[in-house]
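Chemist: Residues per chain, in single letters:
There are 2 protein chains.
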Amino acid sequence: MNSESSPLGEFDLIQRFFKTGGDEMRANSGETIALGIGDDCALLKPNPGEEIAITTDMLIEGRHFFADAHPGLLGRKALAVNLSDLAAMGAKPLGFTLAIALPKADTEWLEAFSKGMFAIANQYSCPLIGGDTTAGPLTISITAFGSTPSGKAIRRSGAKAGDDIWVSGTVGDARLTLAALRHEINLSAIELEEIEHRMHAPVPRIELGIKLRSIASAALDVSDGLLGDLKHILHQSQVGAEVFLDQLPKSASLQKQGEVIQNQFAARGGDDYEICFTAPTEHRNAINVISKELHLPITRIGRITANTRPTEILQLLNNGNLLSDIETAKLLKSFDHFAK
Amino acid sequence: MNSESSPLGEFDLIQRFFKTGGDEMRANSGETIALGIGDDCALLKPNPGEEIAITTDMLIEGRHFFADAHPGLLGRKALAVNLSDLAAMGAKPLGFTLAIALPKADTEWLEAFSKGMFAIANQYSCPLIGGDTTAGPLTISITAFGSTPSGKAIRRSGAKAGDDIWVSGTVGDARLTLAALRHEINLSAIELEEIEHRMHAPVPRIELGIKLRSIASAALDVSDGLLGDLKHILHQSQVGAEVFLDQLPKSASLQKQGEVIQNQFAARGGDDYEICFTAPTEHRNAINVISKELHLPITRIGRITANTRPTEILQLLNNGNLLSDIETAKLLKSFDHFAK
Chain A
1 MNSESSPLGE
11 FDLIQRFFKT
21 GGDEMRANSG
31 ETIALGIGDD
41 CALLKPNPGE
51 EIAITTDMLI
61 EGRHFFADAH
71 PGLLGRKALA
81 VNLSDLAAMG
91 AKPLGFTLAI
101 ALPKADTEWL
111 EAFSKGMFAI
121 ANQYSCPLIG
131 GDTTAGPLTI
141 SITAFGSTPS
151 GKAIRRSGAK
161 AGDDIWVSGT
171 VGDARLTLAA
181 LRHEINLSAI
191 ELEEIEHRMH
201 APVPRIELGI
211 KLRSIASAAL
221 DVSDGLLGDL
231 KHILHQSQVG
241 AEVFLDQLPK
251 SASLQKQGEV
261 IQNQFAARGG
271 DDYEICFTAP
281 TEHRNAINVI
291 SKELHLPITR
301 IGRITANTRP
311 TEILQLLNNG
321 NLLSDIETAK
331 LLKSFDHFAK
Chain B
1 MNSESSPLGE
11 FDLIQRFFKT
21 GGDEMRANSG
31 ETIALGIGDD
41 CALLKPNPGE
51 EIAITTDMLI
61 EGRHFFADAH
71 PGLLGRKALA
81 VNLSDLAAMG
91 AKPLGFTLAI
101 ALPKADTEWL
111 EAFSKGMFAI
121 ANQYSCPLIG
131 GDTTAGPLTI
141 SITAFGSTPS
151 GKAIRRSGAK
161 AGDDIWVSGT
171 VGDARLTLAA
181 LRHEINLSAI
191 ELEEIEHRMH
201 APVPRIELGI
211 KLRSIASAAL
221 DVSDGLLGDL
231 KHILHQSQVG
241 AEVFLDQLPK
251 SASLQKQGEV
261 IQNQFAARGG
271 DDYEICFTAP
281 TEHRNAINVI
291 SKELHLPITR
301 IGRITANTRP
311 TEILQLLNNG
321 NLLSDIETAK
331 LLKSFDHFAK
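From first to last, the protein sequence lines stand for chains A and B. Everything in the first sequence is counted per the UniProt record's numbering, starting at 1 for the first residue and increasing by one. Everything in the second sequence is counted per the UniProt record's numbering, starting at 1 for the first residue and increasing by one.
No lab work stands behind these hints: they were computed from the structure. Do not take every clue at face value.
The list makes no distinction among identical chains, and a pair is therefore deemed to hold if it is satisfied within one copy or across any two copies.
Quick list of in silico lysine-lysine cross-link-like pairs, DSS-like style, CA-CA up to 27 Å [claimed, not checked]: (1) K211 <-> K231; (2) K152 <-> K211; (3) K256 <-> K211; (4) K152 <-> K231; (5) K250 <-> K330; (6) K330 <-> K231; (7) K250 <-> K231; (8) K211 <-> K45.
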């Protein structure tokens with residue numbers, strides 16, 4: 001390209017770390033990606049009858065990850081959280097764009113970062129199709145694309161009174177890991193080892209999302225905390241909910257903690273990237289079958305109630321006992337970047 | 001939404017400044033936008049036979065704009081540069097996503113920023129369909145989407161020996177503005193007034209791009225400098241070029257400068273956001289007609305030559321005289337974020 005630029009000029013960076021890793025995948029993705037990196041735009045060629053799901057996310061050093069974060073894990077997670085949003089809509093990944101600001105062109109860092117990113121991109125057949133590189137405080141902005149058959153995307157607005165509320169996997173371990181790293185809670189090296197992947201390497205529930213297309217009435221991924229996120233479904237569906245606190249799925253590690261920690265971390269820990277969804281009760285059996293097929297726990301944690309009031313109603317039950325408003329309010333506080 | 005969050009919590013920010021401004025446009029954009037802000041993903045519903053063009057861009061305070069930049073102009077330009085990429089592919093805008101990091105929730109700044117952004121979004125019927133807001137050093141990352149009939153996108157790789165090279169508008173004024181603001185060159189207040197919009201409020205050549213779909217053999221938008229950008233076409237099309245330096249379209253303001261400044265700013269100033277394209281000679285008349293229809297100068301500035309060598313050949317002619325390799329090399333230096 002430009003012969004005057006340094007060996008790590010912008011175009012070289014794209015070529016060296018980002019273009020090469022994606023070429024094979026773009027080739028494998030067949031007709032859908034008409035044009036990848038190297039032009040003014042990427043081109044997606046949707047199949048007839050498909051809708052394109054689009055999600056975008058920005059990760060900033062010091063806020064979303066530590067300055068010394070392992071670049072490979074960071075590359076993996078940066079893409080995984082976007083794939084998780086696609087999963088929550090029931091979308092199949094098509095590709096992603098990456099805009100990245102870097103303080104300097106650190107080849108070692110970039111190699112590890114791109115390797116981690118392409119590993120998960122490859123796993124979910126989601127090639128890099130476009131990007132932008134610039135100098136600046138370390139910032140990663142990814143926009144990911146997926147496809148769903150027209151009208152089959154799972155929205156937040158479809159929950160109906162009487163539906164069950166479900167969540168995949170377990171919740172609270174990412175928050176427990178953070179607590180251990182912050183020395184708020186003491187965990188042995190072995191205990192930390194068992195759960196830290198839940199914070200560093202979340203698994204986007206793509207297969208689950210696709211299987212839920214004809215089953216779930218509403219869904220989202222749990223990023224800011226289970227109950228806070230559930231409120232988005234309640235708001236958009238104009239319904240209420242009863243949640244069974246004692247039924248929230250927790251790992252063995254979290255179950256070793258006291259009850260308050262267990263409930264707080266599971267109910268509003270955040271960074272779980274599990275799918276919380278609602279479904280008519282007639283699908284209970286189908287959901288259990290999916291759980292077995294995917295070797296993924298899917299737990300019924302509550303039910304949707306009618307709500308005619310303008311504000312959300314979210315009632316918490318612990319072993320059958322209704323929590324007071326004050327107890328509930330404490331648990332409902334969600335993660336908010338600016339409110340802190 | 002979350003009743004515990006402060007008046008300027010994340011969700012409020014999205015609601016207050018970004019969701020509202022886009023609602024009307026999403027409604028007007030009819031069937032293409034199935035779902036805007038408020039779910040895990042936005043949904044685009046492409047028409048049959050359409051491809052989706054995608055471009056992404058990251059702007060960082062201190063590098064791409066001054067800290068005291070007018071937020072309204074910044075909002076406008078942040079979207080305009082992405083629309084310019086769509087224009088260069090011949091794509092019609094469909095919508096965009098915005099990921100933004102802000103040091104603090106400054107309502108006055110946000111109001112001006114979103115107003116500037118939505119003004120141009122509205123002008124080109126390009127609604128905001130998704131986003132992410134976070135705290136951090138001021139960073140704006142936009143991904144924009146457009147549509148072209150299948151196979152009609154104008155790529156960089158289609159230039160053929162014998163084609164003319166054209167550029168829209170004038171080039172060099174954004175660089176001249178920057179030079180004046182940096183006190184490298186003295187301009188009177190009146191002179192600056194005449195040209196500074198070329199730096200602060202670039203006009204994406206959307207209408208031109210659409211009209212060029214069946215005419216241009218290759219195209220790109222001039223962001224890093226005319227000749228440096230042209231080299232991307234040469235590289236991807238595996239051709240060479242002769243460029244007539246004395247034919248580069250310059251504003252009256254730039255023409256008042258000395259010849260070296262004129263040539264340097266026009267040839268490699270950058271930030272012009274004009275369309276540089278190639279087309280077979282038989283389209284000269286059609287291009288002149290388009291120029292008249294759009295009230296936009298379109299100037300023939302060179303021709304594509306054959307190139308069988310692996311490196312680009314870009315020959316510059318000034319009033320018919322071939323420039324030496326050294327003179328050419330000086331002019332070819334392009335803007336590169338990391339090479340500086």
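Chemist: Work down the list of hints and note, for each, if the structure agrees.
Modeler: Hint check:
no.: 1; hint: K211 <-> K231; in the structure: within (23 Å within a copy, 47 Å between copies)
no.: 2; hint: K152 <-> K211; in the structure: within (11 Å within a copy, 35 Å between copies)
no.: 3; hint: K256 <-> K211; in the structure: neither (33 Å within a copy, 67 Å between copies)
no.: 4; hint: K152 <-> K231; in the structure: within (22 Å within a copy, 44 Å between copies)
no.: 5; hint: K250 <-> K330; in the structure: within (19 Å within a copy, 64 Å between copies)
no.: 6; hint: K330 <-> K231; in the structure: within (15 Å within a copy, 60 Å between copies)
no.: 7; hint: K250 <-> K231; in the structure: within (20 Å within a copy, 57 Å between copies)
no.: 8; hint: K211 <-> K45; in the structure: both (24 Å within a copy, 21 Å between copies)
When held up to the earlier numbered hints, the structure conflicts with hint 3 and nothing else.
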